[in-house]
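Those sequence lines, one after another, are chains R and X.
Counted from 1, the first sequence has number 9 at position 9 by our numbering; the numbering is strictly sequential.
All you need for our numbering is the position in the second sequence, starting with 1, plus 66.
Hints listed in this document are in silico derivations from the structure and should not be mistaken for laboratory results.
Be aware that a few hints might be false.
Stated by the list, open to error - One side only, chain R facing chain X, incomplete, derived with CB under 10 angstroms:
| id | residue |
| --- | --- |
| 1 | Ile11 |
| 2 | Phe14 |
| 3 | Val18 |
| 4 | Leu22 |
| 5 | Asn37 |
| 6 | Trp39 |
| 7 | Cys40 |
| 8 | Ile43 |
| 9 | Phe47 |
| 10 | Ile49 |
| 11 | Ser55 |
Since this is a predicted model, take the numbers as computed values, not measurements.
Glycine residues also receive a C-beta, built at the ideal position from the N, C-alpha and C atoms.
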Amino acid sequence: MNKLFDLRFVIGCFFLIVGVLLLLYGFFTTVHDQSVNQWCGSIFSIFGIVMLLLSYRNNTNDNTND
Amino acid sequence: MQLHYIDYSIIALYFLFVVGVGFLLKSKIKTGNDFLMSNRSIPLWITSLAFISANLGAQEVLGMAASGAKYGFYTAHFYWLGAVIAMVFLGVFMMPFYYGSKARSIPEYLKLRYDEKTRTFNALSFAVMTVFSSGISLYALAMLMQTILGWDFNLSVWMAAGIVLIYTFLGGLTSAVYNEVLQFFLIVLGIAPLVFIGLRKAGGWQGIMHNVDNVKLHLWRGMDSAAHNPMGVDGVSLIFGLGFVLAFGYWCTDFLVVQRAMISRNQNDAQRTPIIAAFPKIFMPLIVILPGIIILALQKQFTGFALPANANGAVDYNMTLPVMLSKLYPSGILGVGITALIASFMSGMAGNVTAFNTVWTFDIYQSHINKNASEKHYFYVGKATTVAGILISIATAYFARRFNNIMDLLQLVFSFVNAPLFATFFLGMFWKRTTGHGAFWGLLSGTTAAALTYGLTVAEGKGGWIANMHMFYSGTSQAFNIAWIAFSVCFIVTAIISLLTKPKPNEQLAGLVYSLTPKQKDHSKVWYKNPLWLGIIVLLITLLFNIIFF
Chain R
1 MNKLFDLRFV
11 IGCFFLIVGV
21 LLLLYGFFTT
31 VHDQSVNQWC
41 GSIFSIFGIV
51 MLLLSYRNNT
61 NDNTND
Chain X
67 MQLHYIDYSI
77 IALYFLFVVG
87 VGFLLKSKIK
97 TGNDFLMSNR
107 SIPLWITSLA
117 FISANLGAQE
127 VLGMAASGAK
137 YGFYTAHFYW
147 LGAVIAMVFL
157 GVFMMPFYYG
167 SKARSIPEYL
177 KLRYDEKTRT
187 FNALSFAVMT
197 VFSSGISLYA
207 LAMLMQTILG
217 WDFNLSVWMA
227 AGIVLIYTFL
237 GGLTSAVYNE
247 VLQFFLIVLG
257 IAPLVFIGLR
267 KAGGWQGIMH
277 NVDNVKLHLW
287 RGMDSAAHNP
297 MGVDGVSLIF
307 GLGFVLAFGY
317 WCTDFLVVQR
327 AMISRNQNDA
337 QRTPIIAAFP
347 KIFMPLIVIL
357 PGIIILALQK
367 QFTGFALPAN
377 ANGAVDYNMT
387 LPVMLSKLYP
397 SGILGVGITA
407 LIASFMSGMA
417 GNVTAFNTVW
427 TFDIYQSHIN
437 KNASEKHYFY
447 VGKATTVAGI
457 LISIATAYFA
467 RRFNNIMDLL
477 QLVFSFVNAP
487 LFATFFLGMF
497 WKRTTGHGAF
507 WGLLSGTTAA
517 ALTYGLTVAE
527 GKGGWIANMH
537 MFYSGTSQAF
547 NIAWIAFSVC
557 FIVTAIISLL
567 TKPKPNEQLA
577 GLVYSLTPKQ
587 KDHSKVWYKN
597 PLWLGIIVLL
607 ITLLFNIIFF
C-alpha cells in the first residue's frame, strides 16, 4: 500500500502503460509512418521503468531503515 | 483534427490516473491542515516540480507558443528575465521570512508584518485573481476541445471542471501537487517530440535561421525603441516592468506558486524549492516557445501550417500549438500531445483553486467569520470552498471569451494586483519603519493607479475606458508600463504614510524584517544544499543564454 503513495510509482506506472500502448500501436498499425510512435513509446517506457526502479529502491531503503 | 481510439484511450487513462490520485490520497487527508497545507510534509523534488508546474497552465503552454509565433525569441524574456532572477531572489532572501514566520499563507504573513486590513485587502484581491486565472484556463481548454475535437463549449467547460473538482475535493492540496508533478512530466514528454519533429521538418536550426524573419530571432536587439522589435516594448519598460516589477510581483508574492515552497518539510527545502525549479524553468522555452518559432519556418516552406483567424478576423496565435499537433503528430503520440494540453489546463486550474481554498479558509473565513472552530470544521469549509471556487471559475471562463491573446490578458490582471504588492513586501521585509497604514494605502493606491493607467491608455484597441491619453505599440508594452507605474505609486505612498504613522515595536518584527532577524549560518552545508550557491549557478546559466541569443 505504501508504494501506491509513492509518486514515482504512480508516474512510472502511467508512463510505462502509455509507452507500451504507443509501442503496440506503432508495431501493429499500418496507417501512416509509425516510427514516431515507436521511438516515443520506447522513451516513455524507459522513463516509466526508471521511475518504478527509483520507487522500488526508495521502498527497499525505507524497509531496511525500519 | 481526427482522433482515433488510441488517442482517446490515452486521454481516458490520464483522467483515470488524476482521479485515482485523488481517491488514493483521500484516506490521508483528515484535517484542515492536511487539506489546505499538506501538513508541510512534501519532499523537495515534488515541491520544486510542483512550483514550476503550478505556473505551467494552459495560458502558459498555449499562450507562450502563441507569443513565440507573434514575438519570436523575445518571448524568452518571460523566462530568463521575467522569472529566473525573481525565483532566485525568493529562495535566497524572502523564503526565510515566509517559512520562518510559520504563516500559512502570504496574506497571513502580511497580517503578522502589518495588520488585519492589509491582509484582508490582499486576500480578497488574490481570491479574485485566482478564480479569474482559473477561469481563463478553463476557457482555453474548452476552446481547444471545441476546435480540435468538435465538443460543445459549454459541455467542455462543465466536464473539465468536474474532473479537477473530483481530485482537488478528495485529496486537497496534496492531490493537486501530486498531479502537478505528473502533469509536468506529461507536458514536457508530450510536447518535446513535437519540437524535435518540427525542427527536423523545418530543416534544423539552419532552416529556422533562413526562414524566420531575423527580427524575431533575438532577445535584446531592437530594444532601444518600442518601434524596433516585434514585441513593441522598449528596453526600460522591459527591464523595469517585466524583469523587476511583474517578475518579482508574481514569483515572490503570488501565493499560488509560493504555496508550493511553503509546504516543504523544512526551511532549507523551502528555500531551495524555487531555485531548483529555476533549472527546468531556464529550459522551458525549448518546449513552449520554440514551437511558435518553428511554425513560422514551416509556414514559409510548406502549405497547411497557416494559423486560422479568430472571431475578429485577426490571426489566432493561440492556435499555434494545436495546428502543430494536428499536422506533425500521428495518432498515438497525438493522444499524448492532446493529453499534455489538457494536463496544462488542469495544472493551472487546480493550482489556482487550491490557493484560493487556503486563502479563503484561513484569511477570510477564519479571520472574519468563524475564528475558533475545530480543525474538522475548517476541513469542511475548505472542501466547500473547492466547489465554490470551481463554480466561480466556470462563470469567469465565459468572461474570458472576449479577449484574444491570453498572455496579454494575464499580464494585465497581474499588473493590477501583483505589481503594487511587491513594493509592499519589499518595504516590509527590508525597512522596519514601514507601517500597516502605509502598506494598506500604498496597496490601494497602486492598484488604483494600475486601473487608472489602463483606463487612460490604449493598446491594440484595449483600455482607454476613461480617455485615450497615450497609445502603446502593444498590449504587452501597456501591461509592463502599468506594472511599473503601479509599483512606483505603491512604493511612494507606502513610504510617505509610514513616515507619518507609528511603526510596530522592534520586538514584534523579529523574524519578519531582515534587519531584525538573526542570520542563520551553517558552514557545514555542501554547495548543493546552499541556496545562495545554487542561485549563483542558475543566474550564470541564464546570463549565458542571454549572451548566446542576444
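Consistency of the hints with the structure:
1. Ile11: 6 angstroms, holds
2. Phe14: 5 angstroms, holds
3. Val18: 6 angstroms, holds
4. Leu22: Constraint on Leu22 (chain R) satisfied, holds at 5 angstroms.
5. Asn37: Since the shortest Cβ distance to chain X is 4 angstroms, the answer is holds.
6. Trp39: 8 angstroms, holds
7. Cys40: 5 angstroms, holds
8. Ile43: 7 angstroms, holds
9. Phe47: 7 angstroms, holds
10. Ile49: 14 angstroms, violated
11. Ser55: With a closest approach of 12 angstroms, the Ser55 (chain R) hint is violated.
This entry does not satisfy hints 10 and 11, going by the numbered hints stated previously.
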